[in-house]
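Colleague: Sequence:
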Amino acid sequence: MAQVMQEIKKPILHVSCVPRKDTTLLKISLSQDDLGILYRVTSVLFHHRWDILEAVAETSSDGHVQDLFVIRSWDGKEMTESLLSQIRTDLYSLFYEGKTVAMYLRENSKEEILVRKIGDSEASLKLYNPISSDFTVMDLRMKDTPGILFQITEALYHLGIDIISFTANSFDGKIRDSFLLRTSLTGDKLDEKLMFPMLRAKLESFL
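In this note's numbering, the protein residues as written are 1 to 207.
Hints are computed from structural coordinates only; laboratory data are not their basis. Source: prediction; values computed, not measured. One or more hints might be untrue.
[Stated by the list, open to error] Straight-line C-alpha distance at most 25 angstroms; calculated DMTMM-like pairs for lysine to aspartate or glutamate: (1) K77 / D177; (2) K202 / E111; (3) K27 / E58; (4) K117 / E154; (5) K143 / E154; (6) K143 / E112; (7) K174 / E112.
Can you make the complete structure from the sequences, with help from the hints?
Modeller: So this is what it looks like as structure tokens:
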């Protein structure tokens with residue numbers, strides 16, 4: 001009986017993908033919801049040289065989470081079974097084995113991104129709380145730089161902000177990233193007087 005209970009409580013992580021014409025649909029299922037899912041996933045995909053173009057989080061009534069990511073290789077490569085297996089191994093260590101993102105990036109000689117400054121003088125950030133929505137909207141326009149999504153998700157993670165969905169549109173060497181956000185503790189919109197200035201200052205520190 002004890003063995004059965006132990007198996008039931010064992011963490012679950014399923015990673016699969018569906019090839020598309022120019023992109024890949026990556027599906028990640030977790031046994032429980034957690035703050036910083038996109039933050040961890042972006043760190044792994046950054047290491048393996050893949051961009052996230054879109055992300056949507058779905059949570060079932062029993063607490064299982066399925067996140068869908070539209071991703072694209074920096075080098076135009078296809079997702080292989082061996083790479084998918086390595087991504088799963090890396091994610092498992094971040095979700096269930098106590099490894100931090102900073103440790104993971106340092107192990108893979110990617111620690112420079114933790115302190116990198118983009119220096120985009122034309123970057124534009126908009127934050128607002130629509131009356132008809134339960135989420136805060138964040139729109140960010142900047143030059144297209146590999147790894148920028150990781151830096152954004154890291155900032156949100158350390159401020160205790162959940163990402164409900166994310167989309168990226170690219171044009172003329174620039175990207176427009178759109179996020180739906182909420183606080184992780186209460187599930188509410190971000191406080192305009194408290195959280196808006198904190199988030200803006202955090203993002204502008206590296207943009």
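Colleague: Please flag the earlier hints that this structure goes against, numbers listed from lowest up.
Modeller: Of the numbered hints given earlier, the structure breaks none, since each of them holds.
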